[in-house]
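Sequence lines, in order, name chains R and H. Residue 19 in this note's numbering sits at position 19 of the first sequence; the count goes up by one each step and never skips. Residue 16 in this note's numbering sits at position 16 of the second sequence; the count goes up by one each step and never skips.
Please note that a few of the clues may not be correct.
[Stated by the list, open to error] Just a few of them, taken from the derived set where beta-carbon distance is under 8 Å, the chain R residues facing chain H:
| id | residue |
| --- | --- |
| 1 | L27 |
| 2 | L31 |
| 3 | P55 |
| 4 | Y56 |
| 5 | Y70 |
| 6 | L76 |
| 7 | L80 |
| 8 | L90 |
| 9 | R95 |
In case anyone wonders, no lab produced these hints; they're calculated from the structure. None of these values were measured; they are calculated from a predicted model. In this text, a Cβ means the ideal position worked out from N, Cα and C, and glycines have one as well.
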Amino acid sequence: MNANVAHDLHGTKAKERAAPLALRARLVLALGPVTALGGVAWAIVQPWRLTLLHPYGQGFWWLLTEPPLYVVLVGLLFRLLLAPGIVEDLQRNLRHEA
Amino acid sequence: MIAAGLLPQAEMVHWGFATGFLTLGLLLVAETVVGREVWALRPWRRYLWPGLMFGLGVALWPVMTFYTNSTIHMIAHGSWAQVLMLAGGAELGLARGKLHSQYWRLCTVLAMLVSGAALLAHEQQHWLFARAAFLHHLLGWTIVIGALFPLVQAFRPRSVVAAAGFAATVIAVSVMLYSDRDVAPVFGHLSPYAGVQHR
């Protein structure tokens, strides 16, 4: 490959990496962690909602039902499964518009 | 009697639905933030929240079957199931392109009005009777007033304020459902007729 072209390509990729994330992308990336943090805060404020912490004598449904963990799980799944694709599409769309 | 012993308590069912509504709310917020065009760049993503809304409607049928302790409860749960499925189905039709008119969004308005009215009608106790009664009243009025947002969206589909308001309403519903307890006080009030607080 021509050195000039390779140099340009390297420069473009470096710029892409360094390009600041759009505010909207940051918001989408923050949604999941903020939700998960809400669940963690709930678990700290009301630890008795997590029956797994004191499982002795609890029935099946009480052991299965851990609402603060549900909130954490929703936040994590959103961040890990959905947010990356949404941000990727948003960035691509912004580049296309620019 | 045996079946009742095997079923999860009503508050647990509320928390399950709260999780569904929280997921729905996050999807709606994300769509509002990035815009419908970006959201629809991956075809499967278009079906996510309408499909979830439809699924929540389907999930309400077993609730109607197993948690019916009066006629008004059965009518309330049954009507929620029907209107949520209708709203989810209409949104799925719009996402798929089989439905074209933006006024199909009015199905969501209908769903919210029916749900809110059913919540208010089937709660026979006053606001401060217990936490569940308080939340039923609060949920009912929140959903009825929140119906304004999809109503605006039906006429102004690109309104960011309406989309954000709808998403915020769904998340508020989720928080209220997570706050529900079978027997618990609200602001220090618990009627002696409500039963014994168990947790």
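Do the hints match the structure? See the list:
1. L27: Hint on L27 of chain R: holds, closest Cβ of chain H at ~5 Å, below 8 Å.
2. L31: Status holds, d = 6 Å.
3. P55: Where the cut-off is 8 Å and the nearest Cβ of chain H is about 15 Å from P55 of chain R, the hint is violated.
4. Y56: violated (15 Å)
5. Y70: holds (4 Å)
6. L76: The hint is violated - L76 of chain R has no Cβ within 8 Å of chain H, the shortest such distance being about 11 Å.
7. L80: violated (13 Å)
8. L90: It holds, given that the least Cβ distance between L90 of chain R and chain H is near 5 Å, below 8 Å.
9. R95: violated (12 Å)
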